[in-house]
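Visitor: Make the full structure from the sequences, and use the hints.
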Amino acid sequence: MASYKRKPAPAAHTLVMVATRKGAWLFHSDAARKTWRADGPHFLGQIINHLVLDPRDGKTLLAAAKTGHLGPTIFRSTNLGRTWKEAARPPAFSPARNGEAGRAVDHTFWLTPAHASEPNVWYAGTSPQGLFRSEDGGVTWAPFSSINDDAQYREWMGSVQDGTPDGPKMHSIIVDPRDPAHLYFAMSGGGVHETLDGGKTFTPLLKGLEVVEGFDPATATFHDPHCVRLCPSNPNRLYQQNHCGIYRLDRPSDEWVRIGKKMPKRVGDIGFPMVVHPRDADTAWVFPMDGTMVWPRTSPDGKPAIYATRNGGKTWLRLDAGLPESQAWWTVKRQAMTADARDPVGLYFGTTSGELWVSRNEGEKWACIAQHLPEIYAVEATELA
Amino acid sequence: MKVLIPSALYSYTGGASVEASGDTLAAVLADLDRLYPGIRFRMIDEQERMRPHIRFFVNGEQIRDLSQPLRPSDELIIVQALSGG
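Chains A and B, in that order, are what the protein sequence lines are. Numbering-wise (this note's numbering), the first sequence opens with residue 1 and increments by one. Numbering-wise (this note's numbering), the second sequence opens with residue 1 and increments by one.
FYI, nobody ran anything at the bench for these hints, they're computed from the structure. No residue lacks a Cβ here, since even glycine has one placed at the ideal position from N, Cα and C. Among the hints, erroneous ones may be present.
[To be verified] Far from chain A, some chain B residues (derived; all Cβ distances over 10 Å):
hint	residue
1	K2
2	P6
3	E19
4	S21
5	G38
6	M43
7	I54
8	Q62
9	I63
10	R64
11	S67
12	P72
13	S73
14	I77
[To be verified] Looking from chain B toward chain A, a few residues come up when the C-beta cut is under 10 Å (computed):
hint	residue
15	L9
16	G14
17	D45
[To be verified] No more than 25 Å apart at the CA atoms, straight line, and that leaves these computed lysine to any residue pairs for SDA-like:
hint	chain 1	residue 1	chain 2	residue 2
18	A	K22	B	A81
19	A	K66	B	M50
20	A	K22	B	P52
21	A	K66	B	E48
22	A	K85	B	Y12
23	A	K22	B	G38
24	A	K59	B	E61
25	A	K22	A	E375
26	A	K66	B	A30
27	A	K59	A	P95
28	B	K2	B	D23
29	A	K66	B	I78
30	A	K66	B	R55
31	A	K85	B	D23
32	A	K85	B	D65
33	A	K66	B	L82
34	A	K66	B	P6
35	A	K66	B	D33
36	A	K66	B	Y36
Guide: What follows is the structure in structure tokens.
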């Protein structure tokens, strides 16, 4: 197998991009990641679901925005957030065909820069679920592939009632670093899917995944992947935090293996985010939540902790040094936990209560660097020269 | 005609009152989008439906049809309706 080992990113400074229910913030670190400077709010009052930097140029930011009153749009900055300009044509579904009820994008939920060999190409996932592509750096967007209007996929996507409380989400759009035509995406609900031919055809990847008791796991509709990540150091390996546990997939196998069974029983293996190590495919982190009874979606027992595996899911280690020891009832949304590529790796997560937490040592110790932000929807981190 | 803009859209128009022309609501909104690119899609979705929290009033009467005829002397008020906290 080809090696995709990456060297640690050079120590310059780290940029953490925080998207919230009422605006976005950029946090700039010093070289040691000890002190942080907040730049924001950007788009105060607007709902920002994702804020992502283009790793291919290191300066273009895209923000997925809407407000309570207005329809969705994409804002672009080509100078790291000093100025913003709205997309000329944001993601929008095709006009309804005769006799059908047309769909309208409520919000763009997920943004993914495409392959390194495809500069200015981006993918977007929306709610209701749709897949879109831009080939001009996010200025104009068009439906990508046939799945937005494919009868089978529309059935799997379900209706608004079948999705999460604020709408079904297309998320975890992943580009294979070895092949720009090999993509994955996940639908909540609707399962994990892949294409090997640049979007001409898609295939479900459901084998081994559990669904809520009483439903048929062969039906994509009943699958609820919360977050899927591909390991940069081994693109044959994916990890998934699912509604029904934590999984690992080692290609070319198409069968997911539930690795969350080794989590402590009192904590369980339900949660939303999943983070992978940039250079070690055996290391991954999750943030468990209370998925019992009515699904409180809080830290289990009010005691938040990250859990790490260093051996591909055989064992898990609780990492909570510095985090509240009790009475902390927040949780972390699916795209609100991430890692940088430094050595040691920095981990970052934002909470539903508006706190931004940082670990400079792969989760061994945590510090809160911002409080009282709006509910945090997404956190991304990158290194800047 | 005179068009009163809700505060959520000032980032496009720069203020509360603008002039736009057209003989239907759809035509006036198209003219607004020509003058302030992107503003229409924030109010009207890709299926030509008014977004849930945007309302249009002409001379004090609410209108729900994009083909509603308008006259140059009419006053169009665009309202951002309640949308939660």
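Visitor: Hint check: K22(A) vs G38(B), CA-CA at most 25 Å. Holds or violated?
Guide: 21 Å, holds
Visitor: The output says K2(B) does not contact chain A. Does that hold with a beta carbon cutoff of 10 Å?
Guide: At roughly 21 Å from the nearest Cβ of chain A, K2(B) sits farther out than 10 Å, so the non-interface label holds.
Visitor: Regarding the pair K59(A) and E61(B), is the alpha-carbon distance no greater than 25 Å?
Guide: With a Cα-Cα distance of about 48 Å, the restraint between K59(A) and E61(B) is violated, given a limit of 25 Å.
Visitor: Take a quick look at R64(B) and tell me if its Cβ sits farther than 10 Å from every Cβ on chain A, holds or violated.
Guide: The claim stands: R64(B) keeps its Cβ more than 10 Å from every Cβ of chain A (closest is about 16 Å).
Visitor: Does S67(B) sit more than 10 Å from chain A, CB to CB?
Guide: 17 Å, holds
Visitor: Looking at P6(B) again, its CB stays over 10 Å from all of chain A?
Guide: 7 Å, violated
Visitor: Do the alpha carbons of K85(A) and D23(B) lie within 25 Å of each other, as the hint requires?
Guide: 31 Å, violated
Visitor: Need the status of pair K66(A), L82(B): alpha-carbon distance at most 25 Å?
Guide: At roughly 15 Å apart (the allowed maximum being 25 Å), L82(B) and K66(A) satisfy the hint.
Visitor: What's the verdict on K85(A) and D65(B), does the C-alpha distance respect the 25 Å limit or exceed it?
Guide: 31 Å, violated
Visitor: For the pair we were handed, K85(A) and Y12(B), check the Cα-Cα distance against 25 Å.
Guide: Holds, at roughly 11 Å.
Visitor: Holds or violated: K66(A) with M50(B), Cα cutoff 25 Å?
Guide: With a Cα-Cα distance of about 15 Å, the restraint between K66(A) and M50(B) holds, given a limit of 25 Å.
Visitor: Determine whether the non-interface label on I77(B) survives the test: each CB of chain A must be over 10 Å from its CB.
Guide: Since the minimum Cβ distance to chain A is about 14 Å, I77(B) lies beyond 10 Å and the statement holds.
When held up to the earlier numbered hints, the structure conflicts with 2, 5, 6, 7, 16, 24, 27, 31, 32 and fits the remainder.
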